[in-house]
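Enquirer: Let chain L serve as the given structure and place chain U with the ligands on it in line with the hints.
Listed in order, the protein sequences are those of chains L and U.
Counting from 1, one number per residue, gives the positions in the first sequence under UniProt numbering.
Counting from 1, one number per residue, gives the positions in the second sequence under UniProt numbering.
In short, the hints are calculated from the structure, not lab data.
Heads up, the beta-carbon is just placed ideally off N, CA and C, and yes, glycines get one too.
Please note: incorrect hints may appear among the correct ones.
What the hints assert, rightly or not - Partial pick of chain L residues on the chain U-facing surface, computed with a CB cut under 10 Å:
no.: 1; residue: C57
no.: 2; residue: K183
no.: 3; residue: L184
no.: 4; residue: S605
no.: 5; residue: L754
Claimed, not checked - Each computed SDA-like pair below joins lysine to any residue, with the alpha-carbon atoms no more than 25 Å apart:
no.: 6; chain 1: L; residue 1: K269; chain 2: L; residue 2: G21
no.: 7; chain 1: U; residue 1: K38; chain 2: L; residue 2: G248
no.: 8; chain 1: U; residue 1: K142; chain 2: L; residue 2: A683
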Amino acid sequence: MTPEINLTRDPAHIRHGSNIGQPLTRTDGVLKVTGKARYAADNHPPGMLYAVIATSCIARGRVKSLDVAAAKRHPGVVDVMTHSHKPELAEDPDAKGNPFAFRMELLQSDEVRYANQAIAVVIAETLEAATEGAALLSPRFQVEIARVGLDAGEPYAPPVVGIGNPAEVVHGDIDAGLAAASKLTDATYETPAQYHNAMEPHAIVAVWDGDKLYIDTPSQGMAIAQGRLAGLLGIPPGNIHINSPFLGGGFGSKGLVSGPQVLGIMAAKLVGRPVKLVLRRSQMYGPVGHRPPTRQRLRIGTNDDGTLTALDHHARITTSSFDDFYEPAADASHTLYASPAIRTAHEAVRVDTGTPLFMRAPGEATGSIALESAMDEAAFACGIDPLEFRLTNYAEVEPTTGKPFSSKALRQCYAKGAERFGWARRPLQPRQMRDENGFLVGWGMGTATFPALMFQGNARAVIRADGRGVMESGAHDMGQGAWTALTQISADSLGLELDQMTFRAGTSDLPDAGIAGGSAHTATVGAAIHNAGAAVIARLAELATSDERSPLFGAGNAGVIARAGRLHRRDDDARSESYADILARAGLAEIEASGTGAADPAAQSQYAMHSHGVVFAEVKVDPELGQIRATRLVGAFAAGRIINPLMVQSQLRGGMIWGISFALHEEAVIDRRSGRILNANLAEYHVPVNADVPPMDVITVDEHDPHVNALGIKGVGEIGITGSAGAVANAVWHATGIRVRRFPIRIEEVVMGLAG
Amino acid sequence: MMNFDYVRPANVADAIAAASEQGSTYLASGTNLLDLMKGGISRPSRLVDVTRLPGLDRVEHLSDGALRIGALVRNADLAHDAEFARVYPAVAEALLSGASAQLRNAATVGGNLMQRTRCAYFYDVASACNRRWPGAGCDALKGENRLHAVLGWSEGCIATHPSDFCVPLVALDAVVEIEGRSGRRELPLEVLHRLPGDTPDRETALEPGDLIVALRLPAAAKDFAAHARYIKVRERTSYAFAVASAAAALRIENGTIGEARLALGGVAAKPWRACEAEQVLAGKSPDASLYREAARAALADARPSGNNAFKIELAQRIVVRALTLAAAGTPARISALPGSPFSSVAGA
Ligand SMILES: Cc1cc2nc3c(=O)[nH]c(=O)nc-3n(C[C@H](O)[C@H](O)[C@H](O)COP(=O)(O)OP(=O)(O)OC[C@H]3O[C@@H](n4cnc5c(N)ncnc54)[C@H](O)[C@@H]3O)c2cc1C
Ligand code: SF4
Chain L
1 MTPEINLTRD
11 PAHIRHGSNI
21 GQPLTRTDGV
31 LKVTGKARYA
41 ADNHPPGMLY
51 AVIATSCIAR
61 GRVKSLDVAA
71 AKRHPGVVDV
81 MTHSHKPELA
91 EDPDAKGNPF
101 AFRMELLQSD
111 EVRYANQAIA
121 VVIAETLEAA
131 TEGAALLSPR
141 FQVEIARVGL
151 DAGEPYAPPV
161 VGIGNPAEVV
171 HGDIDAGLAA
181 ASKLTDATYE
191 TPAQYHNAME
201 PHAIVAVWDG
211 DKLYIDTPSQ
221 GMAIAQGRLA
231 GLLGIPPGNI
241 HINSPFLGGG
251 FGSKGLVSGP
261 QVLGIMAAKL
271 VGRPVKLVLR
281 RSQMYGPVGH
291 RPPTRQRLRI
301 GTNDDGTLTA
311 LDHHARITTS
321 SFDDFYEPAA
331 DASHTLYASP
341 AIRTAHEAVR
351 VDTGTPLFMR
361 APGEATGSIA
371 LESAMDEAAF
381 ACGIDPLEFR
391 LTNYAEVEPT
401 TGKPFSSKAL
411 RQCYAKGAER
421 FGWARRPLQP
431 RQMRDENGFL
441 VGWGMGTATF
451 PALMFQGNAR
461 AVIRADGRGV
471 MESGAHDMGQ
481 GAWTALTQIS
491 ADSLGLELDQ
501 MTFRAGTSDL
511 PDAGIAGGSA
521 HTATVGAAIH
531 NAGAAVIARL
541 AELATSDERS
551 PLFGAGNAGV
561 IARAGRLHRR
571 DDDARSESYA
581 DILARAGLAE
591 IEASGTGAAD
601 PAAQSQYAMH
611 SHGVVFAEVK
621 VDPELGQIRA
631 TRLVGAFAAG
641 RIINPLMVQS
651 QLRGGMIWGI
661 SFALHEEAVI
671 DRRSGRILNA
681 NLAEYHVPVN
691 ADVPPMDVIT
701 VDEHDPHVNA
711 LGIKGVGEIG
721 ITGSAGAVAN
731 AVWHATGIRV
741 RRFPIRIEEV
751 VMGLAG
Chain U
1 MMNFDYVRPA
11 NVADAIAAAS
21 EQGSTYLASG
31 TNLLDLMKGG
41 ISRPSRLVDV
51 TRLPGLDRVE
61 HLSDGALRIG
71 ALVRNADLAH
81 DAEFARVYPA
91 VAEALLSGAS
101 AQLRNAATVG
111 GNLMQRTRCA
121 YFYDVASACN
131 RRWPGAGCDA
141 LKGENRLHAV
151 LGWSEGCIAT
161 HPSDFCVPLV
171 ALDAVVEIEG
181 RSGRRELPLE
191 VLHRLPGDTP
201 DRETALEPGD
211 LIVALRLPAA
221 AKDFAAHARY
231 IKVRERTSYA
241 FAVASAAAAL
251 RIENGTIGEA
261 RLALGGVAAK
271 PWRACEAEQV
281 LAGKSPDASL
291 YREAARAALA
301 DARPSGNNAF
311 KIELAQRIVV
321 RALTLAAAGT
331 PARISALPGS
341 PFSSVAGA
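Bound-form chain L, shown alone (with noise of 0.2 Å):
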């Protein structure tokens, strides 16, 4: 609990508040619960149609033919938009015109790129009209040989890896450093394609009114998607009118509109009907990106102390055929381990599926696993304890830049995650413990870490003539509790209480909030929140302190405290005005002013700024059938501020669970031949069940960071994979003996390697 905001730059005037860092409940629950959020697809608005998408079956090719006529007959079928009936883009859809545009299948040509694509769309008075007569159009192609998997062609080095980032990174001397090893660990693992499956599928409610847009639909991004979607409809962004209340899930797919959004925007267009388009299930194995498949090459060297002497990490990714995503796998080796040499390289395949796009920890999910495992498999080879192993590698600054940390807590991590689950205790060598019931237990740790980012964000505070303040920002809650945090934020912004106050967020009418993505958007959010609140309070002090009138008259110089709705003297806190007196002597209905939240340059080129935290993990395993059960995790996590602990506790969690996923079960299983994804539904692509999540102990270790941000807010959406994966998989080795090095750890391999 944090009785009062430490403001980093300390104004004139600050404001007291207790809501930052209470654990409250979220104020979206009761609505979520009883089935009153309305989500994009709920969204009936009056002579809406319902459009289907008919998907490619082959990755390759093109479209031949398209039986339109017999979809059209089908009673209820209103029209069919194809590649030759549609309205007119006003850019073309495969343009690159900023990083983050990413090319997308908007029935531009007869072109198939990979399985799922969209190759025409169905548009109907009912959904099941819609549903048959995109099965009516039997589609005939010519089909080329499909590009599957990571031998698909020949690899060549990306221009750039993620956003920007180099494919190479070189620090001191690698090969120097590999000779001088007196140990090497040099092996391969292997991570497969994984979806977002996202629970709520993408889907849209399109209705066009002129040349002005109104849409329901899942963002993360309400600007961005503004931007492009002006670009391609050839309206200005200010027409476009996006509602995204409420998300279902989106975990970096609803970060960018993707084609089948558009193509929703699209058929309203064509018909001049509202139109509602929702993704199946399958449709989503394709669209709207992905995790590429990984196979990355560790090899570190070590001296006899166990000290590193060279880290080198190789991935290789695929991408698609006719866009450049690459997932930076192997930067997860740049922050976390100290080591006079350091290399990272990424190399690419092109390959017949969507897309790959932004995924939960793109990058640090897939480098970590590897780079967890290959550490452990170091620590073993010097016959060291694997905790102890990092520590005594522990990066005081950061490796690849010499940078140091804006703050760094991974030591009390280490100690504190350690201490709550008996690390101690373990057994250097594996295959040591059973349980009482005769199952192979092991343990497992891994190192987690994600950069403290920040985006750019704006928010507009007001406080009216009752006294109460409204905070408004298009921000977006994919679930993960944004609108409680930032209502918190907000409170203490306006030295108001909760109830005092109102948060709104949730469209695009509302200032531009950026993006809800690379764990920065409480950070970023919080920030504009925090300036907004800032402006406000100031210019209500102005207005007291410059009115003889005001018991606060004069206090210029010496400042004043909001708390609760009134202005104190920050020298006599007896002396006090309430808001709303405030206003009304000045006469004013209402005072306002905006603020911004973004990173500061000067600080990010000083410091290094990455949350950490600690995974361990307990599995069991049966010894002769092969089962794998995660039976025990405890996290530590550092991340800055702790804005909401309830909710920070449930994105841990949530990250730590999607650990066990990746390591355990996770995979888009696709035919080598046909490049069709072969369990593109919940029932065969296995994530986590309940009984699959074992108790888990969460620890977050309180930092404070004067140079991220304003609030010192750190992020911690994604940081919970990481470290978690290769818990669980080191978790196995030291249970069974048994290294498995292809994830997620299949159970052949666990019981051809148990004797049986």
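Expert: Structure of chain U with the ligands alone, referenced to chain L:
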């Protein structure tokens, strides 16, 4: 979805008449059939909804000691019947190891018996599949087949039958009661499902219009109550089909196995009764080496149909485990993780 007729007959005779016509299919709770229709794998022109047929939702104790289970009894209701679970513990455990609570609440006994394979290529209409389209070929044969059959398969089809319920049932000599165009007949469950051979599209012994009205467990099935288990290995702790499974039921007299029943799941196009293994066990005193011998006998004819040799080894170990646990005695209550290796004390 294509337009189709939907009829809800008032009695069994009307149902059979309606379902005998070309393109008609019975609809029970639809947890399998509706998914197949949405995917375009089944395109019936008429659904004959049997869920309101009178008299098929009862469990009756017959005078000869047999138990008669109506085809419309829900999977969950049967498994949660305490008396049923006490007398036929492996059956209850198998039922509860399947699908999810919601699905078990809906799924019927008849629907469970008649559910189709989960072969991904069968579900993918763009793939070649002899089961869906006789003569088309089998894309699983050279495709992703690590979970496909190791027993009784043919070059024409390597799919498995996914039901858990059927595995202990076949071990216990369950009988299927059928009403059809030519009246009432019965079949041992053992012969309800067919091996693929040259006609993988002919999945069961049912003729058009045949309606399963009940399932019967003969009196002798009760003799195994004290020593019966179902063990299912899967790729997550719950809500997953079996990689492989086994039901073991023993009648132990004076420290000797009087009679053994053994069946495997997830290894063939039908629930696989392991008669040779039962012979190996009969009359012997239970011990680990005997179980291993029985397991070898059960899988003696197994061959990988693709990238799935591990299933032969795994299935043997599951047999050993199921026998070990059955011999140790049926637990007083079914565990919270029915069928899971984690519900039980490991053999080692
Ligand atoms: C996600 C998922 C996971 C699952 N996991 C498992 C699992 O782990 N283990 C397992 O065993 N099962 C599993 N199942 C399958 C489930 O058990 C079946 O779907 C269910 O038992 C079918 O019953 P139903 O009443 O819904 O049948 P329906 O879907 O209505 O019918 C299935 C078939 O049986 C036919 N049929 C139905 N009743 C009769 C009758 N009386 N006479 C003749 N034919 C009939 C229908 O024509 C149809 O072809 C799973 C299903 C799903 C969707
Ligand atoms: S294994 Fe059988 S069900 Fe699967 S594709 Fe081959 S023929 Fe079809």
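Enquirer: Can you confirm whether the C-alpha distance between K142 of chain U and A683 of chain L stays at or below 25 Å?
Expert: holds (23 Å)
Enquirer: Answer holds if the nearest beta-carbon of chain U is closer than 10 Å to that of L754 of chain L; otherwise answer violated.
Expert: holds (9 Å)
Enquirer: For the pair supplied as a hint, K269 of chain L and G21 of chain L, confirm whether the alpha-carbon distance does not exceed 25 Å.
Expert: violated (47 Å)
Enquirer: Hey, K38 of chain U versus G248 of chain L, does the alpha-carbon distance stay inside 25 Å?
Expert: holds (23 Å)
Enquirer: Would the hint on C57 of chain L stand, with a C-beta cut-off of 10 Å toward chain U?
Expert: This hint holds: C57 of chain L lies near chain U, its Cβ roughly 4 Å from the closest one there, short of 10 Å.
Enquirer: Under 10 Å is the threshold here; is the Cβ of K183 of chain L close enough to any Cβ of chain U for the hint to stand?
Expert: Check failed: Cβ of K183 of chain L comes no nearer than 33 Å to chain U, outside 10 Å.
Enquirer: With a cut-off of 10 Å, does the beta carbon of L184 of chain L approach a beta carbon of chain U closely enough for the hint to hold?
Expert: violated (31 Å)
Enquirer: With 10 Å as the cut and Cβ atoms as the points, is S605 of chain L at the interface with chain U?
Expert: Hint violated; S605 of chain L Cβ to chain U Cβ min 46 Å, cut 10 Å.
In summary, the numbered hints that this structure violates are 2, 3, 4 and 6.
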